[in-house]
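Chain R is already provided as a structure; the job is to place chains D and W on it using the hints.
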Amino acid sequence: MKSHTHYLWFDTAKHRQYINITREVAEQVKASGIKEGFCLVSAMHITASVFVNDNESGLLQDIDDWLEEMAPYKQDYRHHATGESNGDSHLKNLLMHHQVVLPITKGKLDLGPWQAIFYGEFDGQRRKRAVIKILGE
Amino acid sequence: MKSHTHYLWFDTAKHRQYINITREVAEQVKASGIKEGFCLVSAMHITASVFVNDNESGLLQDIDDWLEEMAPYKQDYRHHATGESNGDSHLKNLLMHHQVVLPITKGKLDLGPWQAIFYGEFDGQRRKRAVIKILGE
Amino acid sequence: MKSHTHYLWFDTAKHRQYINITREVAEQVKASGIKEGFCLVSAMHITASVFVNDNESGLLQDIDDWLEEMAPYKQDYRHHATGESNGDSHLKNLLMHHQVVLPITKGKLDLGPWQAIFYGEFDGQRRKRAVIKILGE
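Protein chains in written order, with the working numbering: chain R, 6 to 142; chain D, 6 to 142; chain W, 6 to 142.
Only chain R is shown next, with the shape it has when bound in the complex (with noise of 0.2 Å):
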C-alpha cells in the first residue's frame, strides 16, 4: 500500500468563488504513482466546500445564486454572537459538503467525462487550503 499527502492553498480575491482543481488534482494522481485507490479531497475550512460538477460557467453561477436561496447572507445569526459575520457561510458548508472521494483506475482518475472538481469558497479573502489524500497500491 503506499499513501500521498499534498495540501493546496487558495487565497480567494472574491469572498464567494468556484476555482476548478481537476488538474491540480490529476497531477497528485500521476505524482502518487498510485495506479489503483481511491483520491480524497477535503477542505481543512468550515466555510469552504469541494464538490463535483459542470466546468461551465453560467451554472457556477446558477449554483452560487441557489447556495444564496438557500443559505442567505443575513445579520441574526446566532452565531454572530461570537463576533462573526459568516453563518450563512457554514450553512453554504454543510450544503455543498466539505469533501469528495474519487476512484483512481489504470493511473488515472476514474471521473465521467462531464466531471470537474472544484473548490468553493464562501468566506474568501484570506489564505485556506484543502487536502488531497491518495491511498492505494
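There may be inaccurate statements among the hints.
Which copy is meant is left open, so a pair is good if it fits within one copy or across any two.
Mimicking DSS-like on lysine-lysine, the simulated pairs with C-alpha atoms at most 27 Å apart in a straight line are [claimed, not checked]: (1) K79 <-> K133; (2) K133 <-> K19; (3) K113 <-> K7; (4) K111 <-> K7.
Please keep in mind that the hints were generated in silico from the structure rather than gathered at the bench.
Same frame as chain R, now just chains D and W:
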C-alpha cells in the same frame, strides 16, 4: 492490498427515478474477495446521485417532491444559455451528492438494518453509469 | 495494510441533538496504530448524520433552525402511511449526509484548526450507532 472495479449502467424509463442498487453492490463486494475495506459507489454524471436511505416507496416519493421544491425545474437558469434544459438536475445532484463510501467488515457491507443504497437519476432516459470501486484486504 | 473497526453508540436525551465525537474518533485513530490512511465515520441509520463543522453552540442552534426550515416536520409525508412520523428526519439526513472520510497523516486526524466531527441525531431518544472504520498502513 486488493482492489476491485465494476461499472453499473442505467437507462431509466423516467426523467427522474430512484433505483435500489444494494444487491448489485453487495455482489461486487463478494466478487472482490475483500474482507476488510471501503466500497466507493459514485455516479459518473453531474445530474445523478448515489445515496443511502430507506427502501420505502412513500418516502422515495417524498424525497422526489422535496427535491423539486428545493431545486425546482425552471426555464431561466443561466446554464440553459448553452442549450441545456437541466439546470435543476445539477442542483438536485449537488443537494443529494454523487457518492457514498461504505464500510466492508468480515466480507460484507457493514450497513445498519434499514440502510439501502440508491442510484438517483435526475436527467434520465439516456444511458448513464456509476462506478463501484473496492479497496481493502 | 491494516484496518480497524469500532462502533459508537448513542442514546440521545432529545429528539434532535448534535454530539461532538472528535475525541472518540481521535482515540480510535490512535488505537488503530495507522499512520497514513482514511478514517470513515458513518451513521448506521437513515435519520442521523455525521458531519464536520465548528464546535460553537450558537452555530449548532443555527444549523438546527435551518434544518427545520429546509426539511420541516409535517404530518402529511407519504412515508407516514407506514405508521412512522419521521419523514422530516429522513430529509434532514439526506441534506446533511450520513458520513465523512477523514485523512490520517503521521498518525493523527489531519483536520483544519476549527474542524470538529459531529453525530447529528434527527430522530433520537432510542439506541443508535455509527461505525468508525480506519484503513491504512
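Here is how each hint holds up against the structure:
Taking the shortest Cα distances, K79 and K133 sit within 27 Å of each other inside one copy (23 Å), while across copies they are farther apart (35 Å). For a Cα distance limit of 27 Å, the shortest separation of K133 from K19 inside one copy, 13 Å, qualifies, whereas the shortest one across copies, 36 Å, does not. For a Cα distance limit of 27 Å, the shortest separation of K113 from K7 qualifies both inside one copy, at 15 Å, and across copies, at 17 Å. Taking the shortest alpha-carbon separations for K111 and K7, both the intra-copy value of 15 Å and the inter-copy value of 14 Å come in at or below 27 Å.
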